[in-house]
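K.L.:
Letter by letter, the chains look like this.
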Amino acid sequence: MSQISRFAFDRRSLLGAAASLLAAPALVRAQAKALKIAVLLPRSGLYAQAGQSCHRGALAAPKVLADLGYAVELVHVDVESNADTARTAAEKAINEGANCIVGAFDSGLTLAIAQVCEQRQVPLVINIAAAPQITEQGYKYLVRNFQTGGQLVTNGLRLIKEISAATKVDFKSAVFVHANDTFGTAQRGAMDAIFPKADMPFQIAESISYDPRAQDLSAEVTKMRGINPDLVMVVTRAGDAIKLVRDMVRQRFEPKAIISPGSPGLYDEEFYQALGPLADGMIFNLPWANPKSPVTQALEASFKVANPNNRFAVDSFNAGFTLEALMIAADAFKRAGTTNGPTLMEAVRATKIDQHVMIGGPIAFDAKGQNTAIGTAVVQNQKQTPVVVYPADVAAGAPALPLASWQGRK
Amino acid sequence: MTLPLVLEVLIQGMLTGLIYGLMALGLSVIFGVVRVVNFAHGEFAVVGMYGAFILFTTLKIDPFIAMAPLAALFFVVGYGLQRSLVVHFIRRPDHEQFILLVGLAIVMVNGLLMIFGPDARHVDLPYSYDSWMLGPVLVDKVRAYAALAALGVAGALFAFFRYTQTGLAIRACADNLTGAAVVGLDIDKLYALTFGIGLACVGAAGALLVSIADVTPMLAPAFTLLAFTIVIIGGLGSMGGALLGGLVIGVAEALASIIIAPSMKTMVSFGLLVVILALRPQGLMGKRAA
Numbered sequence: 001m002s003q004i005s006r007f008a009f010d011r012r013s014l015l016g017a018a019a020s021l022l023a024a025p026a027l028v029r030a031q032a033k034a035l036k037i038a039v040l041l042p043r044s045g046l047y048a049q050a051g052q053s054c055h056r057g058a059l060a061a062p063k064v065l066a067d068l069g070y071a072v073e074l075v076h077v078d079v080e081s082n083a084d085t086a087r088t089a090a091e092k093a094i095n096e097g098a099n100c101i102v103g104a105f106d107s108g109l110t111l112a113i114a115q116v117c118e119q120r121q122v123p124l125v126i127n128i129a130a131a132p133q134i135t136e137q138g139y140k141y142l143v144r145n146f147q148t149g150g151q152l153v154t155n156g157l158r159l160i161k162e163i164s165a166a167t168k169v170d171f172k173s174a175v176f177v178h179a180n181d182t183f184g185t186a187q188r189g190a191m192d193a194i195f196p197k198a199d200m201p202f203q204i205a206e207s208i209s210y211d212p213r214a215q216d217l218s219a220e221v222t223k224m225r226g227i228n229p230d231l232v233m234v235v236t237r238a239g240d241a242i243k244l245v246r247d248m249v250r251q252r253f254e255p256k257a258i259i260s261p262g263s264p265g266l267y268d269e270e271f272y273q274a275l276g277p278l279a280d281g282m283i284f285n286l287p288w289a290n291p292k293s294p295v296t297q298a299l300e301a302s303f304k305v306a307n308p309n310n311r312f313a314v315d316s317f318n319a320g321f322t323l324e325a326l327m328i329a330a331d332a333f334k335r336a337g338t339t340n341g342p343t344l345m346e347a348v349r350a351t352k353i354d355q356h357v358m359i360g361g362p363i364a365f366d367a368k369g370q371n372t373a374i375g376t377a378v379v380q381n382q383k384q385t386p387v388v389v390y391p392a393d394v395a396a397g398a399p400a401l402p403l404a405s406w407q408g409r410k
Numbered sequence: 001m002t003l004p005l006v007l008e009v010l011i012q013g014m015l016t017g018l019i020y021g022l023m024a025l026g027l028s029v030i031f032g033v034v035r036v037v038n039f040a041h042g043e044f045a046v047v048g049m050y051g052a053f054i055l056f057t058t059l060k061i062d063p064f065i066a067m068a069p070l071a072a073l074f075f076v077v078g079y080g081l082q083r084s085l086v087v088h089f090i091r092r093p094d095h096e097q098f099i100l101l102v103g104l105a106i107v108m109v110n111g112l113l114m115i116f117g118p119d120a121r122h123v124d125l126p127y128s129y130d131s132w133m134l135g136p137v138l139v140d141k142v143r144a145y146a147a148l149a150a151l152g153v154a155g156a157l158f159a160f161f162r163y164t165q166t167g168l169a170i171r172a173c174a175d176n177l178t179g180a181a182v183v184g185l186d187i188d189k190l191y192a193l194t195f196g197i198g199l200a201c202v203g204a205a206g207a208l209l210v211s212i213a214d215v216t217p218m219l220a221p222a223f224t225l226l227a228f229t230i231v232i233i234g235g236l237g238s239m240g241g242a243l244l245g246g247l248v249i250g251v252a253e254a255l256a257s258i259i260i261a262p263s264m265k266t267m268v269s270f271g272l273l274v275v276i277l278a279l280r281p282q283g284l285m286g287k288r289a290a
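Residue numbers (the working numbering), protein chains in the order written: chain A, 1 to 410; chain B, 1 to 290.
Hints are computed from structural coordinates only; laboratory data are not their basis. Treat the hints with caution; some may be incorrect.
[Unchecked claim] Simulated pairs of lysine to aspartate or glutamate, EDC-like, Cα-Cα distance not exceeding 20 angstroms:
(1) B:K141 <-> A:E254
(2) B:K141 <-> A:D216
(3) A:K256 <-> A:D170
(4) A:K172 <-> A:E254
Chain B with its partners taken away, still in its complex shape:
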């Protein structure tokens, strides 16, 4: 294979990895603050994809525009879910949280199957098949747009956590829950906001994902697993780690497909997960447990 083609595959892997990273970012944010692992994460991503699909087919709204209202809607859903359901499980054993969210995931997948059926749905954008030639290297336009949008959302989220009062309060909860409670922060409200922000990321990622991949309900468990792999490689609870993990998975799978075999992509990403867990259990950017 020639160098330009290898570069092309690498770029494709990086672009895809950034979109996956945004999806995993939501999982990492929720765990980093609320300490609840959202086992229905992939299912929410797929609901986001269907949301973008519906907006496109009914109102002709481009998924890159639809990501804003979808993120807002998912924020409200996440906030409500935390306030009404998850809040009762925060101080309960991990296995009860696990069962709650796995149950929710199963309900969501079967609900989607009942509503949309098993067929794959896709969004056919006017520029779906466009690409740029950068010298000898060809770059997929939609994937590039989606990756840039993912970077934009991630950047906005970093800024929110760094420069806003609410963001700083949420980080305080994550760093020292007792201290945050002592200084009078409303922990339950901040948890609900965090859950909302986490799901807003997933909603936005869903809108971006539908521009590059077909959506079926059965995609959800694979996305949950992918998000877990990414955040474990990047470091559970680390925002930068989620993006880095996405990039690592995207590039590793792309390289595996040309160096080994395309069908070995998944094996390579899980192999990478095993190596990271063995050598650096906290992930690439995670903090070592005290």
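Excised from the complex, chain A in its bound form:
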């Protein structure tokens, strides 16, 4: 009997020891001192410009986060603007010990990563991605600190109306031009749904979709010239925005304004480098960095050290949202005290950060994981630098409308 008892005791001990050994890595991970975050961005391929810009924000982030008392370890991964690569990279990053993922600038890439995070119960904090479906599909392991396409368009249209009134430049007709990628198509859907209810003082004569990989957009511009609208509303990326403006100049097409109701492209360094003075006057209604925030000032200082060859003014949108995403993850880890996925995700959802980079209220998420308090500003390219021109309380310059002629620009 005693032998049996001793055997039973020994067997339990053995099982316990084995279980402890097996659980040890997970326990070590759960009690890690720093949160290991994989930053997945499209640093090459179609979205490389924006991906690199976000990456520069991620490079500047550790100093800012450390000063705020957050401990993070960043792993930078290029997802090559390819959804399959993004999915594989997310799997690999989690297998290699990432506790959280931040990314991925583009909606298509983000959706690919979201599926992996959901399966593996690892939080995904979205820095930039606007497709509405991301927070409409019931994912439990993601939050988005960025406006949805609908919010971008709603705010973008409202500000077009306001800037038109403020400058006394009337628009009687408009053309909506958009890339036919995930983001552009989502924006088109949002525009179709929101514009009729927005009580705008002009009509959209035509919506023109184009392939962002096209070598030129001359036919698209010719089509616009045929309509001759006062306003061209664009949803672009940097590469195609350059082609669009070049073909407008070549074809001597001069609308009263070119305004993006919430898209990248018009403020990328590549855009300024390629077009020089022709880049001036473009307007984009977007969430933007608040220059008066101490966190923005800290980010700008760190950015200059980490990226001495780049301008913070140009990168502030991408860098700001990327820092905020990292801050959300780091803050949740600090509160949760563990890297355990479900617990960390609970903490992420309970986020409330008052001091941050972008214009708007405190960072917090609704039941779907969406931050609904992000503000929007009217930003205009002036002397090849993005300048906030509206609303007045955050403006650093005055809006200049109508668009100056292409001829004689210096």
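Guided by the hints, dock chain B onto chain A, whose structure is given.
P.N.:
Only chain B this time, still in chain A's reference frame:
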């Protein structure tokens, strides 16, 4: 849309198509004679674009002038590539040729990414934004120059193959390889010359392309696919077919962009490819297989 605007789009399509045609011409020439499909064709075109970009940014040489030295350089590269590498694969199975050239293409794209990075580069010519008004029709000056240059290069190539001893010898190789060998033609040398000529076309086309489009390494696979589409529509191995194929693609895409939607351009060109393959597998100007 008014008639002048439709005419404008058509002219733009034709001009762009001629430049694409020149790029595809190199592919057609190489296949027509050497019977090797250059799967790194688009990559060479992109290298040509970067070559013109470097000459412009460092020495301020206009791409329309740079196309001559670039074509010469690409001829030497093509000749050397054929003599050193491709020659060993000419009599090997098609899939081995395919893997060799696809491998070369991947090396080239990644090499370009390492050297130039993913950012788009462009050449800002003093007349980049100029255009002519021909009555109510507006014509892009740079595109017109590039198309004329493409026609000039293609014309010179036609003359070379028709009126020179070497050109006639190369055509003899293409028409009857055994006969050419029997009469004592140096087949390996003629193959190398052909490969060089094919790449010279690509080098010249690259210089012209950079005047109308930005260059990034990731452009290369799209150019390879475009060149294939053009030569299959025009007729693989037919020089005239390559130019015609370029024109057809250029015009079809331009018309699709105004009649259907600009984002449907690519779909239309591939739809055209499917129709041509179904109705005339040898292409518009290709010879039917015996």
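K.L.:
Next step is simple, just say for each hint if it's right about the structure.
P.N.:
Hints and how they fare:
1. B:K141 <-> A:E254: holds (19 angstroms)
2. B:K141 <-> A:D216: holds (15 angstroms)
3. A:K256 <-> A:D170: holds (9 angstroms)
4. A:K172 <-> A:E254: Roughly 15 angstroms separates the two Cα atoms, so the pair holds.
Violation of the numbered hints given earlier is absent; every hint is satisfied by the structure.
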